[in-house]
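Asker: Residue numbers (the numbering used here), protein chains in the order written: chain R, 137 to 411; chain V, 663 to 1015; chain E, 17 to 319.
Everything labelled a hint here was simulated from the structure, so no lab data went into it.
Predicted model, so just to flag it, every value in this text is computed and none were measured.
All residues carry an ideal CB built from backbone N, CA and C; glycine is no exception.
Hints should not be assumed to be uniformly reliable.
According to the in silico footprint, chain R covers these stretches of chain V (three or more CB under 8 Å from chain R) [stated by the list, open to error]:
1) 722 to 732
2) 805 to 816
3) 844 to 854
4) 1002 to 1012
What follows is a list of derived Cβ distance ranges for each label pair [unchecked claim]:
5) E:Trp47 with R:Arg264: 22 to 32 Å
6) R:Tyr225 with E:Trp219: 40 to 50 Å
7) R:Phe394 with V:Gln1006: 26 to 36 Å
8) V:Lys786 with R:Arg264: 19 to 29 Å
9) R:Trp265 with V:Lys800: 23 to 33 Å
10) E:Gly166 with V:Lys786: 47 to 57 Å
11) E:Leu55 with R:Val325: 22 to 32 Å
12) R:Gly151 with E:Gly166: 36 to 46 Å
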Amino acid sequence: MLIALKRHSVLPGFGLTMGFTLAYLSLVVLIPLAALFLRAAGVDWDRLWAALSDPQVVAAFRLSFRTALIAAALNAVFGLVVAWVLVRYTFPGKRLIDAAVDLPFALPTAVSGITLTALFDQNGWFGRWLQPLGITVVGAPLGITVALVFIGLPFVVRTLQPALEDLDPEVEEAAASLGANRLQTFLRVILPMVLPALLAGFAMAFARGLGEYGSVVFISGNMPMETEIVPKLIVDKLSQHDVVGACAMGVVMLAASFVLLFVINLLQWWSRRHV
Amino acid sequence: MTRFCSAITGLLLVSLAGCGPGGLSLQNVSYDPTREFYSELNDEFARSWSERTGSKVTINNSHAGSSAQARSVIEGQQADVVTLALAYDVDAIARAGLLASDWQDRLPHRSCPYTSTIVFLVCKGNPKGIKDWDDLVKPGMSIITPHPKTSGGARWNYLAAWGYALKRDLGDLAKLHDPKCAEDVEKARQKAREFVTDLFRRVPVLDSGARGSTMSFVRRGRDDALLAWENEAFLTIKEQGEDKFEIVVPSVSILAEPPVAVIDEVVDKRGTRELAQAYLEYLYSPVGQTLAAKHFYRPRIEKGVPPEYLRRFPKVSLFTIDEVFGGWAKAQAEHFDDGGVFDQMFRTIKGQR
Amino acid sequence: MSSASGAAVSVAPAWQGRVRSATTEPAAVRWALIGVSLLFLGVFLVVPLVAVFYQALAKGLGEYLRALVDPHARAAIGLTLITAAIVVPLNTVFGIAAAWAIAKFEFRGKQLLITLIDLPFSVSPVVAGLIFILVFGRNGWLGPWLDARGLNVVFAVPGIVLATLFVTFPFVARELIPLMQAQGTEEEEAARVLGASGWQTLWRVTLPNIKWGLLYGIILCNGRAMGEFGAVSVVSGRIRGLTNTMPLHVEVLYYENVAAAFAVASLLALLALVTLAAKSVLEWNVRRQVARAGNNLAQGESP
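With the sequences and hints as input, model every part of the structure.
Answerer: Printed below as a string of structure tokens:
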């Protein structure tokens, strides 16, 4: 796109819109976030470190990271299958399924939280089959993973769909004409091309899963050291007036959000360049 | 555009100032299981107030774990009155400067209009034959209790268990204050700690409030006992059916005294002191005490309460927190503060389930 | 990818419709993959959706309706609607302003600005609530100032509005920025050359062009504003009838009357379904607009 620098003087409103944008951004986002940093920064390092190295806090971070990672990985695999199926094939009900993929994104987290708990409960529609097999979902880390798979699904699918759609069929035809079978073509031609988008979707699902509260808090057991996720621990620390602890954990979560956001942007930029 | 902006600003200002739609309003920040009780009491009080003064009053309740509620009041929640699970939580609000530190003397019975205790709720038929605290730590048992750091009921549970273990090993709780028995007391305390650790080792989920635990127990359907407020246990039987659950009364339990208090700073700001005072005093009236008994809280003043309500309460041997723990401040500092016994307990439990 | 003829552009990928046995999988594999997808989606999407309504109606239609007309439920619905009514327009105005500044002008730090706008999207909702407690709580930055004036922000409605404002902040902007970037500045410049003022250009040239993207962003913003739970649960006092939104009321009811909780949840689920339906329709229109913009640009650049 050729937009020469001098063009911006023709259109008015830069000052107004930019000023409003920055002011609104500062008031609603930046200043409140700064409050978190400053509060944490105002505490001396020893106390912060003590708060963060507390075994309960460490256990919560490990649980949150682990379950979010596994859920995002599952979503990457199944999301790829779903995206592939939606882009490449036609079958009855496809449009409906395509629209439905966004359900976890549109459904309020409290609703998905109580619903998933009810489903995987002792007498729930799924729980009653899993219970005799000795698989406990509600109250176990597995339940957390299940909930995170639910809410992370749209991220992978929606990031992969455009990438898959933009694939040039000629490359696949070339591979086929050179003697590759479909699996080889998929693994060596297609997958590398959509990898940036897949990774971006994975990172988005991971980021979302890390901070998720509503969908998870009903299904997790909240046992310290075992099934306590970071957001719930932050809320509990606030309830117990451990503001330092809550802020310390909040800052770590925020830092993780920044990093992930940066990584996702990078991946999306790489993805766009690739195509 | 400008009219829209002013409408939004107006809306924001109105909600900022906290103006309700006409009439007086009172905010009662309460602990978790009192939902049904206050729902009925509020209606009765509103009717009585309207008859007495001719003006309408709306009472808004909030329910969650007791310390979580205390915390939010300290952080700014506008509570005219608090009706919490233990005095320590109200003391925390007093320490934050929101009410006078002698609040507990301002109402009869140390500001506790009703009491309760801790019992076990088990499945009908008591399949595991639970009779007392010791049965709870048998191998393979699964016990439900809330999280002591957010729930008042959970702390009463914990202290009741600890007190039982002390009584079991010492025989007589008076020995706790006898310097000649110091060695025995120390040994008993060690065993009590092991006992409570064993208990929590058998807890699969920790909800943040008493009601959450009740629901977990009912929904999961595979745990052996719920450590519950007596009133919660009775309420669950009433709601779920006498054919589903029954109560097991242990040999000894703790006298739980949930206090009520007016929050000075808020009522002075909102001009609701008279109303708030009347509301709390209503709890001590025959109607208030009858309603408490109806909802399975042990009333302080039995005169005027229908005997059939009083008959329902089983006889329990009770000790008080002062007797065994030297008061809430000591108990909280030793057991529930950061790094206290509860925290240490969980580090040993991890990985040993 | 765009058709050289310049007519209405097809959004279908280039390979669709061309039967190539070398680039499609054997039917067995195809149906297996479709089967896996449907199973996965069935378990994780369809069943939960059905479960919401099933549980809501577990005690019968009468109880279902009673749960919805309960005064506390109605207050929760009202608060949810008020919050959305405040938050969505504010974030929409922001979205348009930000997209205008970013898409129509060149300046340094554009990518940083876009990243900052995206920030609330990746912040945990609990952290979003925590920061407002830190600013407006009694012990927060503005606590003493607010207290002195008798103003309540956290544990009252303004706190809920602010927390919701934060979490739904980027929704409209994220939709409009790429759209307006794709559309470029030519039409607006043409309007200026013809003598239109800035506002006229915005109103008559830009907005019609972005209307589908705008609606799409507004729908998403609204869906999240009404459904936000984590951030609001930190800043709300959960005072029944006053500071409970619908998601919070669902949580409250969950510990008292499960069927009633699902009844209110079913309203939120219906909202989600409406959001999805609107999203589908609008998405198709947006892609058409983007493609057309790309087309116009390509044509405009041909010498």
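Asker: Would you list, in rising numerical order, the hints stated earlier that this structure does not obey?
Answerer: 3
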